[in-house]
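Enquirer: Kindly produce the complete structure, drawing on both the sequences and the hints.
Just so you know, the working numbering puts 157 at position 130 of the sequence shown, and the rest follows in order with no gaps.
To be clear, the hints were calculated from the coordinates, so they are not data collected in a lab. For each residue, glycine too, the CB sits at the ideal point set by N, CA and C. Errors might be hidden in some of the hints.
Stated by the list, open to error - Label-pair distances were calculated between CB atoms; the ranges are:
| # | residue 1 | residue 2 | range |
| --- | --- | --- | --- |
| 1 | GLY97 | GLN34 | 17 to 25 angstroms |
| 2 | GLY112 | ALA216 | 23 to 31 angstroms |
| 3 | SER220 | LEU61 | 44 to 52 angstroms |
| 4 | VAL53 | ILE172 | 18 to 26 angstroms |
| 5 | THR32 | LEU61 | 42 to 50 angstroms |
| 6 | LEU144 | VAL104 | 24 to 32 angstroms |
| 7 | TRP60 | LEU144 | 22 to 30 angstroms |
| 8 | LEU61 | LEU187 | 17 to 25 angstroms |
| 9 | ALA134 | PRO92 | 37 to 45 angstroms |
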Amino acid sequence: MSVRTAQDGQRRILLWVLVLNAALFVGLGVAGWLADSSALLANAADNASDSAVYLISFLAVGRAPAWKIGAARLSGVLLLLFAAGVLADVIRRWLTGAEPLGPAMMAMALVAAAVNLWCLLLLRKVKTDDVNMRAAETFSLNDAIANGGILVAGALVLWLGQAWPDLIVGALVAVVAIKGGLEILRDAARTDSDKMSVR
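Expert: Quick look at the structure:
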């Protein structure tokens with residue numbers, strides 16, 4: 028397979044996951060607002076940051092290694108900023124109160140999980156050691172984990188009639204995002220170090 032063909036394949040897949048994550052951002056955002064769910068809103072914000080990262084990764088395909096490393100670092104920083112915003116929202120809801128709807132949380136978590144697993148399968152079709160493609164995979168895997176947590180939180184909210192499971196999962200989504208952001212930054216630093224040692 029030629030380099031050009033491989034790059035076209037990367038762009039096509041990144042465009043697909045970009046569109047899917049942008050659609051999830053809108054769907055989860057509306058559902059989170061209507062269901063008063065911190066976890067769903069956290070997931071919506073996560074998908075918004077994912078969409079930005081996929082766009083950066085899409086633009087990085089075929090560019091110089093230094094540009095790709097810079098793009099990966101920006102992706103990691105965006106994910107950390109998203110996590111800080113989610114934690115702030117969880118604290119606000121804890122202080123002001125919330126009444127999340129368990130069934131809506133569970134339904135949207137199932138839809139989001141299916142879409143994120145689809146994105147992960149698409150990304151894993153691309154055989155490359157590109158730092159931005161690895162970052163994109165990290166995002167999709169984190170999202171799938173978060174969806175499982177929201178599903179459990181929705182069931183607990185429905186069963187207990189209390190908001191705390193939603194708030195806890197919202198905070199956990201932020202922790203997963205922090206872990207993913209730090210992993211991406213470490214990967215970018217390692218790639219940069221390897222590139223420097225080759226010179």
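Enquirer: Are the hints correct? Go through all of them and say.
Expert: Hint-by-hint comparison with the structure:
A hinted range of 17 to 25 angstroms holds for the C-beta pair GLY97 and GLN34, which are about 18 angstroms apart. With their beta carbons about 24 angstroms apart, GLY112 and ALA216 fall inside the hinted range of 23 to 31 angstroms. Between SER220 and LEU61, the C-beta spacing of about 47 angstroms keeps the proposed range 44 to 52 angstroms intact. Roughly 22 angstroms separates the CB atoms of VAL53 and ILE172, a value that falls within the hinted 18 to 26 angstroms.
Taking 42 to 50 angstroms as the suggested C-beta distance range, the pair THR32 and LEU61 conforms, at roughly 44 angstroms. Here the CB-CB span from LEU144 to VAL104 is close to 26 angstroms, well matched to the stated 24 to 32 angstroms. As the Cβ distance of TRP60 to LEU144 is approximately 25 angstroms, the hint placing it in 22 to 30 angstroms holds. Checked against the hint of 17 to 25 angstroms, the pair LEU61 and LEU187 passes, with Cβ atoms roughly 21 angstroms apart.
Against the hinted window of 37 to 45 angstroms, the Cβ-Cβ separation of ALA134 and PRO92 comes to about 43 angstroms, which satisfies the hint.
The structure agrees with every numbered hint stated previously.
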